[in-house]
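Trainee: Sequence:
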Amino acid sequence: MPALLTENNFECRVSSVLNKNVQSYGKTYMFDNCSETCWNSDAGSPQWVLISFENECGLSSFEVEFQGGFAGKNCHIEAVSVWIG
Numbered sequence: 865m866p867a868l869l870t871e872n873n874f875e876c877r878v879s880s881v882l883n884k885n886v887q888s889y890g891k892t893y894m895f896d897n898c899s900e901t902c903w904n905s906d907a908g909s910p911q912w913v914l915i916s917f918e919n920e921c922g923l924s925s926f927e928v929e930f931q932g933g934f935a936g937k938n939c940h941i942e943a944v945s946v947w948i949g
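Residue numbers (our numbering): 865 to 949.
Just so you know, the hints here were simulated from the structure itself, not pulled from any lab data. One or more hints might be untrue.
[What the hints assert, rightly or not] Here are the simulated distance ranges between beta carbons:
no.: 1; residue 1: K884; residue 2: F934; range: 26 to 34 Å
no.: 2; residue 1: T870; residue 2: S945; range: 27 to 35 Å
no.: 3; residue 1: N872; residue 2: V928; range: 16 to 24 Å
no.: 4; residue 1: V928; residue 2: E871; range: 14 to 22 Å
no.: 5; residue 1: S899; residue 2: S945; range: 28 to 36 Å
no.: 6; residue 1: G922; residue 2: N885; range: 15 to 23 Å
no.: 7; residue 1: K884; residue 2: S945; range: 27 to 35 Å
no.: 8; residue 1: R877; residue 2: L923; range: 17 to 25 Å
no.: 9; residue 1: S945; residue 2: N885; range: 30 to 38 Å
no.: 10; residue 1: N919; residue 2: N883; range: 28 to 36 Å
no.: 11; residue 1: V944; residue 2: N883; range: 28 to 36 Å
no.: 12; residue 1: S945; residue 2: S888; range: 33 to 41 Å
no.: 13; residue 1: S924; residue 2: N883; range: 33 to 41 Å
no.: 14; residue 1: G922; residue 2: N883; range: 34 to 42 Å
Owing to the predicted nature of the structure, the values given are computational and were not obtained by experimental measurement. Every residue, glycine too, gets a C-beta built ideally from N, C-alpha and C.
Sequences are here, hints too, so could you generate the full structure?
Mentor: In structure tokens form, the structure reads like this:
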């Protein structure tokens, strides 16, 4: 798992989980460092992943990996710096 995710506190939200089965397909499987598991969304579009870091952190690149022959057709990436003071 990338250092950004192991060295920073973050929260993750996802649009859906396959059959609402969080035990088998939940978002935690995106970050378990196991190539045998992954997050599975329900069918349909749009699907999304939101990662919010507790503190501001630097990001120079990132990777998205799809499994099982599935891939996003239209992908939108957004990085936002928000300060709440």
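Trainee: Hints the structure violates: just list their numbers, smallest first.
Mentor: 1, 2 and 6
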